[in-house]
Amino acid sequence: MTINKFDDYLRAYQSETDQPPSRQFLESILAVPDQLSQTSGLLTARPWRWFDLMIPKAVGWVLTCCLGIYIGLSSPEGTITTTDEELFLYDQAQLLLSEEMDGEDTE
Amino acid sequence: MNLKRAEYISDEQLMIRTGDGDRTAYKMLVDRHLRVFLGFAARVVGDRAEAEDIMQEAFFRVWKHAARWDQGRKTKFTTWFYRVVMNLSVDVKRKSKPAIELNEAFEVISEEAKPDEVLSDKQMAEKIARVMEQLPERQKVAMTLCYFQGLGNKQAADILQITTSAIESLLVRGRKRMAQLLKEQKQEFLKENM
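From first to last, the protein sequence lines stand for chains A and B.
Here the working numbering is used: position 94 in the first sequence is 94, and no number is missing along the way.
Heads up, the working numbering is the position in the second sequence plus 1000, with the first residue counted as 1.
Take these hints with a grain of salt, some might be off.
To be verified - Some, not all, of what chain B presents toward chain A, calculated at C-beta under 10 Å:
1. Thr1018
2. Glu1052
3. Gln1056
4. Phe1060
5. Lys1064
6. Ala1067
7. Ser1120
8. Ala1125
9. Tyr1147
Don't read these hints as lab results, they were simulated from the structure.
The C-beta atom is built at its ideal place from N, Cα and C for all residues, glycine as well.
Generate the whole structure from the sequences, applying the supplied hints.
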């Protein structure tokens, strides 16, 4: 058998076995995701994906901590806030009133 | 990324998206590869119906295990998928008992026997299918990958996990064996018709 003849055989075999899939078969292949759930391999086989997901979270937490520390340091210790001042005045007024009442009783 | 720009998305990227549950990516993989791999499975097992079962199982594996696709290992999707289909086909082939009727497998209508010069394509295909059935497993897979799937020796060697020189050797031996078997078939034909 010549090389050309042999190649003709191979070509004929190739074209005969290269048939397009039927519509029904194609649909059954496309329906695979409806029939089967996926195996989760995020932590075991794809650690880089896990890392990718963690980066935004880690950055968020670090920024929140920095903000907390900044706010904490920016308010000076010992300053009296408006609310503290009001409470202090209220206590003072009560003290004065009670002293006045004590004075009335003794008279 | 827009999936409409299909030509810019590699199979490996589609596999990663499939792993994330993206059905469009899965559909694109099916559209790209079903026909080629169905042909491959049909050539290895010699039966279209069995080849369809193999492809069903192979795409089950694509969908189920896509989340485990390791981008870092640098394996081409097609190389991996050829290995999956090849292993499934070889398993099916080993389990199946009698050789299937080739006329049935390739829908060859029984025609009157003719000499080589006037054989139809279907009859030539049937002869090659018969010869392929008799080849050793590895020679058959190597011949199928290189001659019928159009792969280079390098990729075929990667799929079979052997060296390029080993695949070349398999091809030379396979081709020789096929030519010899075809010659024997011809002699048998001449004896029967004399």
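When the nearest CB of chain A is found for Tyr1147 (chain B), is that gap smaller than 10 Å?
Given a least distance of 6 Å, the restraint on Tyr1147 (chain B) holds.
Does the closest beta carbon of chain A sit nearer than 10 Å to the beta carbon of Ala1125 (chain B)?
4 Å, holds
Close enough to count: is the Cβ of Ser1120 (chain B) nearer than 10 Å to one in chain A?
Because about 8 Å separates Ser1120 (chain B) from the closest Cβ in chain A, which is inside the 10 Å limit, the hint holds.
Given Gln1056 (chain B) as an interface hint, is the shortest Cβ-Cβ distance to chain A below 10 Å?
6 Å, holds
Please check whether Glu1052 (chain B) passes as an interface residue: C-beta within 10 Å of a C-beta belonging to chain A.
It holds, given that the least Cβ distance between Glu1052 (chain B) and chain A is near 6 Å, below 10 Å.
Minimum Cβ distance from Lys1064 (chain B) to chain A below 10 Å?
It holds, given that the least Cβ distance between Lys1064 (chain B) and chain A is near 5 Å, below 10 Å.
So, Phe1060 (chain B) near chain A? Judge it on the closest CB pair being under 10 Å.
6 Å, holds
Double-check Thr1018 (chain B) for me: the hint is only fine if its C-beta lies closer than 10 Å to a C-beta in chain A.
8 Å, holds
Would you check whether Ala1067 (chain B) satisfies its interface hint, that is, whether its CB is within less than 10 Å of any CB in chain A?
Holds. Min distance 4 Å.
Every hint, counting from the list given before, is met by this structure.
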